[in-house]
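Novice: Using the hints, position chain B against chain A.
One letter stands for each residue in the lines below.
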Amino acid sequence: EDKVVQSPLSLVVHEGDTVTLNCSYEVTNFRSLLWYKQEKKAPTFLFMLTSSGIEKKSGRLSSILDKKELFSILNITATQTGDSAIYLCAVALYNQGGKLIFGQGTELSVKP
Amino acid sequence: SAVISQKPSRDICQRGTSLTIQCQVDSQVTMMFWYRQQPGQSLTLIATANQGSEATYESGFVIDKFPISRPNLTFSTLTVSNMSPEDSSIYLCSLRDPRGGGGYNEQFFGPGTRLTVL
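Read top to bottom, the protein sequences are chains A and B.
Read in order, the letters of the first sequence correspond to residues 666 to 777 in our numbering.
Read in order, the letters of the second sequence correspond to residues 3 to 120 in our numbering.
Next up, chain A with everything else stripped away, as it sits in the complex (with noise of 0.2 Å):
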């Protein structure tokens, strides 16, 4: 079974500090891995990626793939409150049309 699996489940931190929140997977036809920011209702879409070992980077944050250990990493620097929400990572996969499978979330909490 296709599975996704984010850590930690939730983290609290203070403002200005670097954190890094883990995703791994196991699925069959791995086509990219997609992280999301979500505040309220709607995921907001941060990063793509596709291949291993290229860094993306907006801003405070950076993301990396690791598709020899399946693994994703979603780094966030000098923290704010604002970065406080729940950070989806989800995998889509080949031959599944657009469906994409998530893991539980990491739920993040900036305080001030």
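What the hints contain is simulated information worked out from the structure, not anything from laboratory work.
Glycine included, every Cβ here is placed at the ideal spot set by N, Cα and C.
Possibly wrong hints are sitting among the right ones.
EDC-like, lysine to aspartate or glutamate: derived pairs with alpha carbons at most 20 Å apart [claimed, not checked]:
| # | chain 1 | residue 1 | chain 2 | residue 2 |
| --- | --- | --- | --- | --- |
| 1 | A | K722 | A | D682 |
| 2 | A | K702 | A | E720 |
| 3 | A | K721 | B | D99 |
| 4 | A | K722 | B | E108 |
| 5 | A | K706 | B | E56 |
If you want the ones that stay clear, here's a sample from chain B, every Cβ over 12 Å from chain A, calculated [claimed, not checked]:
| # | residue |
| --- | --- |
| 6 | D28 |
| 7 | P87 |
| 8 | S96 |
| 9 | G114 |
Specialist: Here is chain B on its own, set in the frame of chain A:
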């Protein structure tokens, strides 16, 4: 990316009734999807909304419970039929960015509909 809107944003419904959720996109997209997020859970795909043909449902979801329409390339509806409290969830429509190349398409979500069934 395409702009996605959903109506209603939220609703509170009585057990046994039905609710139709609309999803509108500002550009033509081939693939649209409907996801559900139950309280405290992650997202689960309900079905793929195919333009001009019946939707393709995932295991555990059936057309009688979640009928879907896709009359054109910019619009889709999901109906939650004969609702029970277990249907209380966030319902999200989603699409793959039509500009993606090589089969690697980013996927975006609408603002969601928060449904509470009493």
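Novice: Taking 20 Å as the top limit, are the C-alpha atoms of K702 of chain A and E720 of chain A close enough?
Specialist: Holds: K702 of chain A and E720 of chain A sit about 18 Å apart, inside 20 Å.
Novice: Given the hint that K721 of chain A pairs with D99 of chain B, test it: the Cα-Cα distance must not exceed 20 Å.
Specialist: Answer holds: K721 of chain A to D99 of chain B is near 18 Å, not above 20 Å.
Novice: Within a Cα-Cα threshold of 20 Å, do K722 of chain A and D682 of chain A meet the stated pairing?
Specialist: 18 Å, holds
Novice: Regarding the assertion that G114 of chain B does not contact chain A, is the least Cβ-Cβ distance greater than 12 Å?
Specialist: 3 Å, violated
Novice: Quick check for students: does the CB of P87 of chain B sit more than 12 Å from each CB in chain A?
Specialist: 19 Å, holds
Novice: Given the hinted pair K706 of chain A and E56 of chain B, is their alpha-carbon gap at most 20 Å?
Specialist: Roughly 27 Å separates the two Cα atoms, so the pair is violated.
Novice: Hint check: K722 of chain A vs E108 of chain B, CA-CA at most 20 Å. Holds or violated?
Specialist: Between K722 of chain A and E108 of chain B the Cα gap is close to 16 Å, so the pair holds against 20 Å.
Novice: Run the C-beta distances from D28 of chain B to all of chain A and say if the shortest one exceeds 12 Å.
Specialist: 16 Å, holds
Novice: Was S96 of chain B rightly flagged as not at the interface, with every chain A Cβ beyond 12 Å?
Specialist: Incorrect as stated: the minimum Cβ-Cβ distance to chain A is 7 Å, not above 12 Å.
The structure is inconsistent with the numbered hints 5, 8, 9, although it conforms to all the rest.
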